[in-house]
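Residue numbers (the working numbering), protein chains in the order written: chain A, 1 to 115; chain B, 1 to 110.
By construction, these hints were calculated from the structure, which means they are not laboratory data. Keep in mind that the hints are not guaranteed to be accurate.
Simulated restraints on C-beta separations [to be verified]:
(1) B/Glu80 x A/Gly3: 16 to 26 angstroms
(2) B/Glu79 x A/Ser53: 40 to 50 angstroms
(3) A/Gly40 x B/Tyr39: 13 to 23 angstroms
(4) A/Arg81 x B/Ser55: 41 to 51 angstroms
If you want a taste of the chain A side facing chain B, the calculated C-beta under 8 angstroms gives, among others [stated by the list, open to error]:
(5) Tyr33
(6) Gly40
(7) Gly42
(8) Leu43
(9) Phe45
(10) Tyr48
(11) Gly99
(12) Glu103
(13) Gln104
(14) Phe106
(15) Gly107
(16) Pro108
Predicted model only: the values in this text are computed from it and were never measured. C-beta atoms are modelled at their ideal positions from N, C-alpha and C, and glycine is treated no differently.
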Amino acid sequence: GAGVSQSPSNKVTEKGKDVELRCDPISGHTALYWYRQSLGQGLEFLIYFQGNSAPDKSGLPSDRFSAERTGGSVSTLTIQRTQQEDSAVYLCASSLAPGLYNEQFFGPGTRLTVL
Amino acid sequence: AQRVTQPEKLLSVFKGAPVELKCNYSYSGSPELFWYVQYSRQRLQLLLRHISRESIKGFTADLNKGETSFHLKKPFAQEEDSAMYYCALSENTGFQKLVFGTGTRLLVSP
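Could you put together the complete structure from these sequences and hints?
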């Protein structure tokens, strides 16, 4: 079956604009994660969704970042008033359920460039 | 705070040579450790995890709690092993957000 998909694959925007990044997890996966990878940095956790529970937003770097997950499936990460330091690759991952034995499957990422 | 350190940005070896990709971590509890790999133009994927005690594609990793290390090893490198390798840890409780190192690029030359 299809893996995790993300759109767009590339996004170039101007400083101050809002952007939306989309993630389609693997069907049936209840856990969904967002990470980002800035140049020269490791992947950084942003937010986690599990089923209908309240998301864990502990990794969001500022209140300009928000995310939602509709119907327990598709997720959208929104960045308002983008800044140049937001330029990064944003990765989405999903797993069947939370737990050490449940592998996180990653999408191809969205490369965001803020000019 | 949780932290994963991969001291080498690039490791270059010849085909058939042994490989060791270093990973050190800091965590106050008992973490679970993983190695992820990203081949050229492919997505990030799990290579192996400590909890499974497995060997994948000839790679192994041993958790050394005394040295807080989880180095990735392979006795004889192959050209197809060339990729970006990331060490990661997660808490052993609750949901498993991953804390990643900055990665090591392995280049295996013929």
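- Which hints, by number, does the structure contradict? No numbers; nothing is violated.
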